[in-house]
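Chemist: In case you want the letters, here they are:
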Amino acid sequence: MNEEIAFWMLSAIAVLGALVAVRKRNLIHGVFALMVFFAGLAGLFLLLLAEFIAAAQILVYIGAVGILLLFAIMLTERVAGDDGRRMTSRGWFWGLVAAVAVFVVLLLPPIQQFPSPEHARAIEPSVKELGEKLMHPYVVTLEVLALLLTAALIGAVTAAQGVRMPKEEDSPE
Amino acid sequence: MSSATATAPNYELIQQDGLDTGLLEVSMGPHHPSTHGVFRMDVKLDGETVVDLSPVFGYLHRNHEKLAENMSYLGSMPFTDRLDYFNSMTNNWAYALAAEKLVEIEVPERAEYLRVIMAELTRLVNHLSLVGFFVNDLGALGTPLLYAFREREKILDLFEQASGARMMCNYFRFGGLRNDVPEGWLDRAREVVDRFPVFLDEYEKLLCENEIILSRTQGVGNLSRDLAISAGITGPMLRASGERYDLRKVDRYGIYDRFQFRVPYSDGDVGDCYDRFIVRMLEMRESIGILKQALDGIEHGPVLGNAPKVFKPKPAEVYGRVEAPKGELGFYLIADGTPKPYRYRVRPPSLINLTVLRDMCLGQKVADAVIILGSIDIVLGEVDR
Amino acid sequence: MSPDLVRDILIATVPLMVIFPTLFAFTTWLERKALARIQNRIGPNKVGVPLTRYGGRFSLFGLGQPLADGIKMLFKENIVPRDADRLFHLLAPILALIPAMLVLCFLPIEFPWTESLLPVQAFLLDGAVIFFFAITGLNTLAIFMAGWASRNKYSLLGGMRAIAQMVSYEIPLVLSAVVVVMMVGSLNAAEIANAQAGWNWFVFTPWGLAAFVIFFIASLAETNRSPFDLPEAESEIIAGYFTEYSGFKFALFFLGEYIAMFAISGLAVTLFLGGGAGPGIATLPWLSAMWFIAKIFALIAVMIWLRGTLPRLRVDQLMGFAWKFLLPLSILNILVAGFAHFIPQENIVSKVAVWVVSLGILYMAAKGLNQLNRPNVRPRDYKYAE
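Protein chains in written order, with this note's numbering: chain A, 991 to 1163; chain B, 2 to 386; chain C, 103 to 488.
Hints may contain errors.
To be verified - Negatives, chain C to chain B, calculated, CB over 10 Å:
(1) Thr115
(2) Pro123
(3) Ile140
(4) Gln141
(5) Leu258
(6) Ala335
(7) Ile340
(8) Gly349
(9) Ala353
(10) Pro413
(11) Leu429
(12) Tyr465
(13) Tyr486
As the list claims (entries may be wrong) - A few chain C residues facing chain B, derived, Cβ under 10 Å:
(14) Leu259
(15) Glu336
(16) Thr411
(17) Arg414
In case anyone wonders, no lab produced these hints; they're calculated from the structure. Here a beta-carbon is modelled for each residue, glycine too, at the ideal position from N, C-alpha and C.
Using the sequences provided together with the hints, build the complete structure.
Modeler: Structure representation (structure tokens):
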């Protein structure tokens, strides 16, 4: 019962956030609405007792992706977008069809048997287990991923240095 | 970024790459905590880097020069207090010096000594405030400033006992001083002077080798010797750029030739904020030396020479200048035989030192622009007049 | 909802929302008083009991000052710039406060009244420490929001500075905490605190000491405290992101900032200073919470002391310090911790050896990094003209 109320509230927050993010003309408002959506999603994860994923959701999506988006928006002109122009896609019909298709294929089966917290508790996705899985069977994968990310990081730094910063102290403001 | 006339190095690159990030124009001031009065800098920023800067001033203009041309010579003496309101004594002296050149007045011995004492105490007051505000601009929340003000207060008390006012002293007269110092004043002055090095030692230990201060000030706001000379910079700022020039040594006005003192100057050609900061710290020590000698040498006697009752000089042009704490403070007077000056002109060191602000700030960060301005040492009362 | 659950949640959370704002009020007084003493002043000493006629008679060292300040803040005019984004301008201070309050739940403070609770305590979560970092990071958004919504260039600069700074310093912050997580083998805040029961505080290990220092420095930057107070650098950008805030919105920012200070100091206490461990808790369990808060205040006192003493860094130096000094050092510290962990430390000799070797490595690394990064600054010699 409690969980259900929480579920519907969080879902409502997430859906509203997503809608506002899409419809809002003001880009900054849009980004913040997107973050509300992310937060709602994190709440849903928490409801499923997947606390690590919830934390990661906040840490990565709100903390990192969101701020990255903000940085990108700061570099664009006309942030407020109040000049009446709106990016509207002509192919909304096919978009709708695609969305419905995705919904049917991906979301319908789980909705029919929504994993109640009892189910979730049975799975016990504890952080400890996650850590052990990452460190024992998947350690090679983890390392490869880390290497890939490091390469990406170095690449980003090199790319950034090509654009500006003849002197090395320049900070990534 | 080492040359003083640096243009922002990054800006061209950004333009080439087609990434037009736009410049942020910030109007810093006139209501800004660290523009030291009603001064404004129109700053163009690329991120945090200053790519253009233009100083805007005149908010405090009060017609000082024209006012002086419409009143008697002595009448503008109190107004000179308000030029650089930290250093009313040296302002008085510069004006008195100019006026004394118009009519030959002999200044009594005791008055000359007291003038030197007052001027050097003023130098201490000025440099204390400057260093305090400078470190405050660096972000040290008031502590060094208040330490400096604690010492300044003692000197202002001395001024008050001598002249009746803490800052607007109006103490000098053509041919001497308005009144003698009260009894016991010299002993109190000696006490202050003797204790001052204790404070200076502590202050130097706290600030001069502080890692953050070093890295914030060194290489920031460079002013080369050539630019400093051609821009007419004077005072500690010029000496920080490596030029040996001090009017106390050049003109030897008053009785400065009787004292043993040295003039600190920077060895290199950098002239950054650190140099300007340290040169002032060192000057304070030299001032202490002068003060001690003057307090030893002073004798009893009159303090006001035989100045004419009506000051009505013959037509002449004179220029009197002193080494004010901020630089060369000069008064240029044209007398036309009436009791009023025909032309009265101030050479304000603050204003002239301020002219190189843009050259020093280009390519630096906003935070640097603030401390560069602080290291120039301006007082808007003198800049705007 | 079952009434039991509601009751337990209220018991667990409401005291936090009462205790910490009260401590905030006390801290503002403490900070003003301590700064005043550092600066050779007296500080607030007049207000006793506000709104009564006893205010003047019993000044109580000015302890009534925060209350009077709060009342003043409440009645001040709320000024919103004409072109500001009104919604975000309103939301920002609230958003600044929420994460700070929220993370207080993750601190393993064992108040006497929480003993009998159902396990609703957030710090018993397996991922408490990760949650802490995740939610603290949200503060950045609030600051950006404030900076952007104010339509003021100083605010914008402050907001941009805040984002750059907080994102950068989060990395050494987390990496220095990783050492402890590694050693305890848990992200559970209560377990971490329990692992340091007695005097086994992690700060008394070589890697713990280094990590604590890094953590403390990074937490200064996270909470915008001096010498990293660039986002609100008064002498440069007026008040940074809250330039355009007045009245109670400003007070909320202020409150949020101090609560964040408590929270991050609380995490430092949890991770390195033994949580609620301290003398006397075996006989008097309620002392544990007292010790915890006392340790928080010890850290806050250091923060105040630093604020009264240090000048501010510049933007590029700040970023350089995070990326070129703290980050490599905190990564190295993880290796050192591994080393110290696998060397058997039975007798005093091997213990001393581990200390010497670990701190030696870290010291050399710090020296080397300093040499590499440091701009060529040193005291200079000056000449005198006779």
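Chemist: Of the numbered hints stated earlier in the document, which are not met by this structure?
Modeler: 3, 4, 5, 6, 7, 10, 13
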